[in-house]
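Protein chains: 2
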Amino acid sequence: MKDRTRIRSLADHVGETVLLCGWVRRRRSSGSKLHFLQLDDGTGSTQVVVKKGNVPEEQLAAAGHVPFESTVIVRGEVKEDARQAGGVELAAQDFQVLNAAVAEFPIGKKEHGVGFLMDNRHIWLRSRRPQATLRIRAEIIRACRDHLDGRGFTCVDAPIFNSAAAEGTATLVPVEYFGETVYLSQTGQLHMEAAAQALGDVYCFGPTFRAEKSKTRRHLTEFWMLEPEMAFADLEESMDVMESLIAHVIERVLTNCRPELDALERDVSKLESCIPPFPRLSYTDALKQLEGTDAEIPWGEDFGAPQEDLVTTAFDRPILVHRFPTKIKAFYMRPDPAQPEVVLGCDMIAPEGYGEIIGGGERSSDLAYLEAKIAEHGLPKEAYEWYLDLRRYGANPSAGFGMGLERVVSWICDLGHIREAAPYARTMARTYP
Amino acid sequence: MKDRTRIRSLADHVGETVLLCGWVRRRRSSGSKLHFLQLDDGTGSTQVVVKKGNVPEEQLAAAGHVPFESTVIVRGEVKEDARQAGGVELAAQDFQVLNAAVAEFPIGKKEHGVGFLMDNRHIWLRSRRPQATLRIRAEIIRACRDHLDGRGFTCVDAPIFNSAAAEGTATLVPVEYFGETVYLSQTGQLHMEAAAQALGDVYCFGPTFRAEKSKTRRHLTEFWMLEPEMAFADLEESMDVMESLIAHVIERVLTNCRPELDALERDVSKLESCIPPFPRLSYTDALKQLEGTDAEIPWGEDFGAPQEDLVTTAFDRPILVHRFPTKIKAFYMRPDPAQPEVVLGCDMIAPEGYGEIIGGGERSSDLAYLEAKIAEHGLPKEAYEWYLDLRRYGANPSAGFGMGLERVVSWICDLGHIREAAPYARTMARTYP
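If you read the protein sequences in the order shown, they are chains B and U. Under my numbering, the first residue of the first sequence is numbered 219, with each subsequent residue one higher. Under my numbering, the first residue of the second sequence is numbered 219, with each subsequent residue one higher.
Among these hints, one or two may not hold up.
[Unchecked claim] Pairs of lysine-lysine, BS3-like flavour, derived with a Cα cap of 30 angstroms: (1) B/Lys220 x U/Lys599; (2) U/Lys220 x B/Lys547; (3) B/Lys328 x B/Lys297; (4) B/Lys545 x U/Lys545; (5) U/Lys591 x B/Lys220; (6) U/Lys297 x U/Lys269; (7) U/Lys297 x B/Lys220; (8) B/Lys547 x B/Lys506; (9) U/Lys431 x U/Lys591; (10) U/Lys327 x U/Lys251; (11) B/Lys431 x U/Lys327; (12) B/Lys599 x U/Lys545; (13) B/Lys327 x B/Lys220; (14) B/Lys591 x U/Lys269.
These aren't lab readings, by the way, just hints derived from the structure by calculation.
Please put together the full structure from these sequences, using the hints given.
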């Protein structure tokens with residue numbers, strides 16, 4: 219169908235006769251002589267008018283009873299009609315049903331349970347909300363890459379099969395690999411530190427895996443992570459990059475995805491207020507804000523959802539919480555020389571209760587410290603020898619972070635559950651479709 | 219080190235005093251009073267001149283014996299020098315060794331075995347060839363995404379955990395997943411067909427996995443694949459997109475990666491000749507070209523490396539071989555209505571002996587045919603019910619293809635082995651570093 223016109227560009231063809239291919243999504247009939255069909259082709263939606271006299275009788279009849287989601291090919295004239303979406307409609311001259319749906323489409327106007335919709339994700343994607351969400355997700359991906367590429371970063375893909383854990387072992391996914399056990403990547407960071415010693419500023423952006431047993435609205439077993447790493451950067455610089463990245467993403471979505479945000483009924487004022495600088499506060503200062511609330515925790519305990527939500531309520535934009543206790547953070551984080559009980563790390567917490575969207579900071583470049591930490595965490599040292607080499611040969615300050623793509627999509631689209639933020643979400647109970 | 223200058227932009231600062239951070243890669247000394255150091259920071263390379271009288275005595279001495287790959291911070295004046303790369307050098311005023319390498323750098327000027335280099339991939343990356351290859355790889359990734367995004371495609375990430383195989387079961391990687399067995403993705407195509415029914419033209423670009431036992435220079439167990447899918451497209455249109463995509467990639471690399479191609483000593487004339495149209499011939503016609511050669515095969519057998527290599531020798535650009543025998547191709551391929559013993563599929567074969575870089579074509583939209591094929595291939599039907607739904611509700615012509623990223627990188631960089639085309643290649647025997 220090389221000569222088909224995409225509905226997206228239909229308004230450029232007013233007065234012309236064009237060929238459209240698509241699916242019938244809705245129908246309104248005026249008796250048996252006039253049918254108004256909503257035709258979608260993935261690029262857009264338009265009204266097709268099938269009228270007695272303009273098409274052969276059997277085509278008129280077909281237009282009147284073709285089941286929804288059937289595939290049709292329509293030739294007709296593009297006419298201006300200010301009442302229609304896009305300002306045009308198609309007056310059909312030839313209406314062919316290519317493949318009629320074999321049964322009633324399972325997803326209708328009535329309310330469906332989440333389990334049913336997720337089981338039918340492959341066809342649920344055609345609905346308005348998933349379509350809009352996936353278009354916004356694609357724009358976010360593109361904005362992230364454009365932002366970093368434009369600043370001279372080089373994309374370096376991290377490996378998925380790994381001989382060791384990087385982030386602790388509780389959620390590792392083991393794989394039998396030609397008689398040995400290897401693990402699916404939880405982060406590309408360690409490999410990015412090596413790449414940064416070769417290429418300066420680098421990033422990876424790919425899927426990562428955690429065997430999350432927790433059934434929360436914030437966790438998936440498979441999620442995409444953007445991980446920039448910068449040789450010679452410090453905590454402050456890495457916070458600056460987090461901030462400019464998220465600001466760029468928000469700006470791009472607001473500029474390029476208005477129809478999608480409207481489809482999701484997103485309150486865009488909540489995004490428009492996300493302008494840098496984002497507030498920065500230390501973990502210790504954040505704890506003071508929690509004093510006397512239900513979310514109060516003793517110094518040294520990690521944030522959970524209640525802490526993240528409460529500490530952000532005072533702000534209309536993301537915040538950066540830095541200098542978490544050393545003992546609750548990953549082994550490679552650099553302790554603050556001024557107060558070694560905290561590390562030079564930072565989380566970005568989204569507003570509106572969407573929680574942590576970024577974690578990062580400075581890496582330790584101290585060989586002896588890292589060796590001690592690997593032992594203390596009970597990690598297999600031989601699997602980290604290569605990582606320690608990065609300190610043996612040219613140890614340098616290095617900083618970076620990991621941005622969870624689905625967390626950012628959830629927040630920007632204001633989704634009720636992170637499973638809607640992935641095209642095909644994977645959770646403990648789901649690997650289908 | 220927020221006030222550091224990147225070596226990449228050093229020529230913009232002639233006459234200014236700047237701070238550089240980097241690694242000492244080489245040294246040439248003129249007695250004990252003058253040292254010329256090659257400093258790299260990942261963004262570029264420059265000469266640092268450390269001269270008696272310009273720096274304190276102990277810094278002069280340090281510059282004379284600092285081990286290679288040590289991390290240094292140098293403040294100095296940027297001076298024009300036409301003999302130097304980039305036309306500038308740095309006259310050091312302050313030379314600080316931040317971290318001296320603890321031992322001699324394992325990768326020297328002498329020849330190393332491949333096993334040694336791959337074991338040390340994390341530091342081998344700093345060498346000239348891996349650096350250049352990874353920069354070209356990043357440009358190829360960007361060119362692919364720009365090309366498709368610019369044509370209205372939407373990026374939709376395919377899932378990695380899957381309940382069933384898409385491409386046959388011989389190379390499946392099983393994973394124990396909360397008590398069940400699932401499989402790592404071999405292709406995102408089936409999921410893209412569903413996404414195309416929602417969004418029109420889509421693509422995924424992510425890692426895919428095959429438990430390849432073959433130790434060839436063309437196979438990895440983990441490789442990135444770009445998979446565009448277009449609702450309502452046919453074989454011819456999908457060949458057009460393959461062709462324009464690869465032409466765009468070549469053009470972008472030739473335009474933006476000249477220094478890297480030079481570093482690899484790539485014969486660019488072999489890339490410059492890759493201009494569309496690319497020759498298109500049928501499998502059956504290709505077999506005739508092989509008659510009487512060592513690569514001759516009977517009709518019905520699949521191409522291997524000998525066939526791919528021989529059939530391309532007559533051409534100075536990639537070729538498209540279409541209409542392979544139905545029985546050797548995947549179950550979802552659409553038989554040619556004019557001759558059902560072949561499918562409307564197509565492989566793009568690179569010149570210079572680099573073999574298949576793309577495979578694709580039309581998908582069958584015939585529900586009964588697909589049900590029969592799934593049974594014939596012994597695939598578990600219940601795992602494909604969702605895929606069959608795509609034909610039950612709005613079956614449409616659909617075509618697309620998969621481009622193996624590492625294959626394309628190997629060809630464009632003229633690499634001896636595909637393991638050099640990935641930042642951290644994974645083969646049967648390697649998941650480290």
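Hints and how they fare:
Restraint check for B/Lys220 and U/Lys599: the C-alpha separation of about 33 angstroms exceeds 30 angstroms, so the hint is violated. Straight-line distance between C-alpha atoms of U/Lys220 and B/Lys547 comes to about 25 angstroms, which keeps the hinted pair within the 30 angstroms bound. Restraint check: the Cα-Cα separation between B/Lys328 and B/Lys297 comes to about 33 angstroms, which exceeds 30 angstroms; the hinted pair is violated. Distance hint between B/Lys545 and U/Lys545 is unfulfilled; the C-alpha atoms sit about 59 angstroms from each other, more than 30 angstroms.
Restraint check for U/Lys591 and B/Lys220: satisfied, since their Cα atoms lie roughly 28 angstroms apart, inside the 30 angstroms limit. Distance check on the hinted pair: U/Lys297 and U/Lys269 sit about 14 angstroms apart at the alpha-carbon level, within 30 angstroms; holds. With a CA separation close to 58 angstroms, the supplied pair U/Lys297 and B/Lys220 exceeds the 30 angstroms bound. Among the hinted pairs, B/Lys547 with B/Lys506 is consistent with the structure: their alpha-carbon atoms are about 20 angstroms apart, no more than 30 angstroms.
At most 30 angstroms may separate the alpha-carbon atoms for a hinted pair to count; U/Lys431 and U/Lys591 meet this at roughly 27 angstroms. The hinted pair formed by U/Lys327 and U/Lys251 meets the criterion: a straight-line CA distance of about 26 angstroms does not exceed 30 angstroms. As the CA atoms of B/Lys431 and U/Lys327 are separated by approximately 50 angstroms, the hinted pair breaks the 30 angstroms bound. For the hint pairing B/Lys599 with U/Lys545, the CA-to-CA distance comes to about 50 angstroms; that exceeds 30 angstroms, so the pair is violated.
Taking the CA atoms of B/Lys327 and B/Lys220, the gap is near 34 angstroms; set against the 30 angstroms cutoff, the hint is violated. Using a Cα cut-off of 30 angstroms, the hinted pair B/Lys591 and U/Lys269 is violated, with the two alpha carbons roughly 41 angstroms apart.
The structure fails to meet hints 1, 3, 4, 7, 11, 12, 13, 14 from the earlier list, while all remaining hints are met.
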